[in-house]
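Following the hints, put chain F in place on chain L, whose structure we already have.
2 protein chains.
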Amino acid sequence: MFENSARTELSELGEFALIDHLSKNVKTFNSNTIKGIGDDAAVIDNGQTYNLLSTDMMVEGAHFDLTYTPLKHLGYKAVVSNISDIAAMNGKATHIVVSLAMSNRFSLEAIEDLYVGILAACNLYKVDLIGGDTTSSSKGLIINIACYGEVAKEKVTYRSGCKEGDLLVVTGDLGSAYLGLHILEREKRIFLEKPDFKPDLEGNDYIIQRQLKPEARVDIVEILNGLNIVPSSMIDISDGLSSEIQHLAKQSNVGFTIYEDKLPIDPIAYQRAIDLGIDPTVAALNGGEDYELLFTVSQDHYEVLKKELDLSIIGHAVAEHEGLHLISKSNNKHKLTAQGWNNFS
Amino acid sequence: MFENSARTELSELGEFALIDHLSKNVKTFNSNTIKGIGDDAAVIDNGQTYNLLSTDMMVEGAHFDLTYTPLKHLGYKAVVSNISDIAAMNGKATHIVVSLAMSNRFSLEAIEDLYVGILAACNLYKVDLIGGDTTSSSKGLIINIACYGEVAKEKVTYRSGCKEGDLLVVTGDLGSAYLGLHILEREKRIFLEKPDFKPDLEGNDYIIQRQLKPEARVDIVEILNGLNIVPSSMIDISDGLSSEIQHLAKQSNVGFTIYEDKLPIDPIAYQRAIDLGIDPTVAALNGGEDYELLFTVSQDHYEVLKKELDLSIIGHAVAEHEGLHLISKSNNKHKLTAQGWNNFS
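Chain order of the listed sequences is L and F. In terms of my numbering, the first sequence is residues 9 to 353. In terms of my numbering, the second sequence is residues 9 to 353.
Derived by calculation from the structure, the hints in this document are not laboratory data. One or more of the hints may lead you astray.
[Said to hold, decoys possible] The following label-pair restraints were derived from C-beta to C-beta distances:
id, chain 1, residue 1, chain 2, residue 2, range
1, F, Val312, L, Glu162, 54 to 60 angstroms
2, F, Phe199, L, Glu201, 42 to 48 angstroms
3, F, Glu20, L, Glu193, 56 to 62 angstroms
4, F, Ile27, L, Glu162, 35 to 41 angstroms
5, L, Asn40, F, Lys343, 44 to 50 angstroms
[Claimed, not checked] Restricting the straight-line Cα-Cα distance to at most 27 angstroms, the calculated cross-link-like pairs of lysine-lysine (DSSO-like) are:
id, chain 1, residue 1, chain 2, residue 2
6, L, Lys314, L, Lys163
7, L, Lys147, F, Lys147
8, F, Lys147, L, Lys80
9, L, Lys35, F, Lys134
[As the list claims (entries may be wrong)] A partial selection of chain L residues facing chain F, derived with a Cβ cut-off under 10 angstroms:
id, residue
10, Thr16
11, Ser19
12, Thr41
13, Ile52
14, Gly55
15, Thr102
16, His103
17, Val106
18, Asn131
19, Tyr133
20, Lys134
21, Leu137
22, Ala154
23, His190
24, Tyr310
25, Thr345
Glycine is no exception: its CB is placed at the ideal position from the N, C-alpha and C atoms.
The following block holds chain L by itself, in its conformation from the complex (with noise of 0.2 angstroms):
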């Protein structure tokens, strides 16, 4: 009964072109709006603190494969990435609400599983779930949680401010969780072939737990803040460090240099890189889904987080018409292309 005439696929655009072309036109109306769309979580003045307010969707099909994830997992999954975009603005998570779909496939006793890990998630994070909707779908499930947090107001850090010569951080190891979405997809394959086969997941214990119940890095917030170091600027690792990388450049208005040697990959993820063809270094820059956080500190502070175990310094920010490169572990300098998750092709 309604027709559009001209027709844009939104495949031409991806995401970020996508939120760019469509926060245009949005205008702001509340003085205590600190920052809107473009980072990690809003930021709203309440007067004492900042609050931090975030949101993510998962949709069955698009981010999830219920042949391989656990309903309990998902569940667990979907609250984590919240409060790590909580994190990765310097900030902790408190509140969740949550939404959900799902078509008649499910069950009481799906559903249930599914807050057992929502719930899960709670208790170990202490985050409050305090609301949602509950509805139905035509087909599959629909997960969107919003997150509400609290930071201290000269603690809040953006993707913005990192300076030049800023030495830039990264938690924990990269690519595990992505070789881990591999191993899944393979023995899904199997399986489907052959029903009545046993998923051959041994040793593959870490990375594939890496994928499914991945974890928020809320130690490195409490690190940090015990260490008195407030980040110049903070990403988390939702969609590969490249695309997180070209973040915090563009909105920092500076270039990186990344070193290959210093990428932390574990070595079992190592291995099974190997394993799978896969070059270690581009699982490691460009697999999402780690969850890890990425920031970039002033180098005063290189001899305090030298002694930090689980924090790496991978490179260090350059002027912004210098770009971003990797220097190999052969000593080339390569372009860094953000390849991002361009999840409308």
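Same frame as chain L, now just chain F:
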């Protein structure tokens, strides 16, 4: 690869029983959580005031039909329904985050239309769009909006709090949105049979607007505030009057008696109900999506409230054991059953 043994259909429970069931195991950890699951919005103490947080998911096929719903109106309505939830706590919505999932059926131009509606509502209600998530779905369009708002601590209004003897008041008129939906569904059926047919919506502007482009009663919150009246309980009418009365009764531990001749029904809506063979009272009681406010106040405010043009005093609270009743125009007493909106059936 993973299986559940028991299977209970969600349709056996319905939405409200499902929420009750899932909420059973929810604990809270943060001392600033004032109200969790079970009201129009959650309440969080931020020190100076209370923050309000609500979330609402709309799924194509379950909540809207794009055959007769322009995307602009859909975006507008999605924002309004959230603002209405915050108004129902006697608060003011100030910020939203919008999650969108869409299949490749949707073009950039379609999403732009949706955003025109979202931003029009933001503009009218002075609400800031401060973030979101944009992703793909395997089928259809899904919108989730989470809304952040504020209320003075002494003004927050819950579904609980109504006392025996309190007046039951509703804003605006009832049933029009439901009758508008009937007209649109009728025109759609004709359209599907004869695609060259031009919808005949003449004379139905008001009820169709009530369905496609409802408004949130933030004006009433302001009027009550100006009169220095804090309702003893409040809820917004999204599922229908009967269902909402049941919520107030259950959470306030009271009964209600309402009067058929006091139900506010628009004259055109009344006539269309007759034309369509629908009892206008049934439309007023069970038709949803009116986004009006239903609240209770002490009888002390009777003289002041009866002068307000857009408020109807439709009954009063009685003792819990007396239950819920409608006194018909012919002075018969009928038990009021709350049908709610079982969207799993």
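Do the hints match the structure? See the list:
1. F/Val312 to L/Glu162: 54 to 60 angstroms: violated (47 angstroms)
2. F/Phe199 to L/Glu201: 42 to 48 angstroms: Given about 46 angstroms between the Cβ atoms, the range holds.
3. F/Glu20 to L/Glu193: 56 to 62 angstroms: violated (35 angstroms)
4. F/Ile27 to L/Glu162: 35 to 41 angstroms: Between F/Ile27 and L/Glu162, where Cβ atoms are some 40 angstroms apart, the hint holds.
5. L/Asn40 to F/Lys343: 44 to 50 angstroms: holds (48 angstroms)
6. L/Lys314 to L/Lys163: holds (21 angstroms)
7. L/Lys147 to F/Lys147: OK: L/Lys147 and F/Lys147 at ~7 angstroms, within 27 angstroms.
8. F/Lys147 to L/Lys80: Measuring from Cα to Cα gives roughly 24 angstroms; hence the hint holds.
9. L/Lys35 to F/Lys134: Judged against 27 angstroms, a Cα distance of about 10 angstroms means the pair holds.
10. Thr16: holds (4 angstroms)
11. Ser19: holds (7 angstroms)
12. Thr41: Nearest chain F Cβ about 5 angstroms off; hint holds.
13. Ile52: holds (6 angstroms)
14. Gly55: Because about 5 angstroms separates L/Gly55 from the closest Cβ in chain F, which is inside the 10 angstroms limit, the hint holds.
15. Thr102: holds (5 angstroms)
16. His103: At about 6 angstroms, which falls below the 10 angstroms cut-off, the nearest Cβ of chain F leaves the hint on L/His103 intact, so it holds.
17. Val106: Given a least distance of 8 angstroms, the restraint on L/Val106 holds.
18. Asn131: Cβ of L/Asn131 sits 7 angstroms from chain F, so the hint holds.
19. Tyr133: Holds, about 9 angstroms.
20. Lys134: Hint on L/Lys134: holds, closest Cβ of chain F at ~4 angstroms, below 10 angstroms.
21. Leu137: holds (5 angstroms)
22. Ala154: holds (3 angstroms)
23. His190: Since chain F brings no Cβ nearer than about 16 angstroms to L/His190, farther than 10 angstroms, the hint is violated.
24. Tyr310: violated (33 angstroms)
25. Thr345: Result: violated, 22 angstroms to nearest chain F Cβ.
Of the numbered hints given earlier, the model fails hints 1, 3, 23, 24, 25; all others are met.
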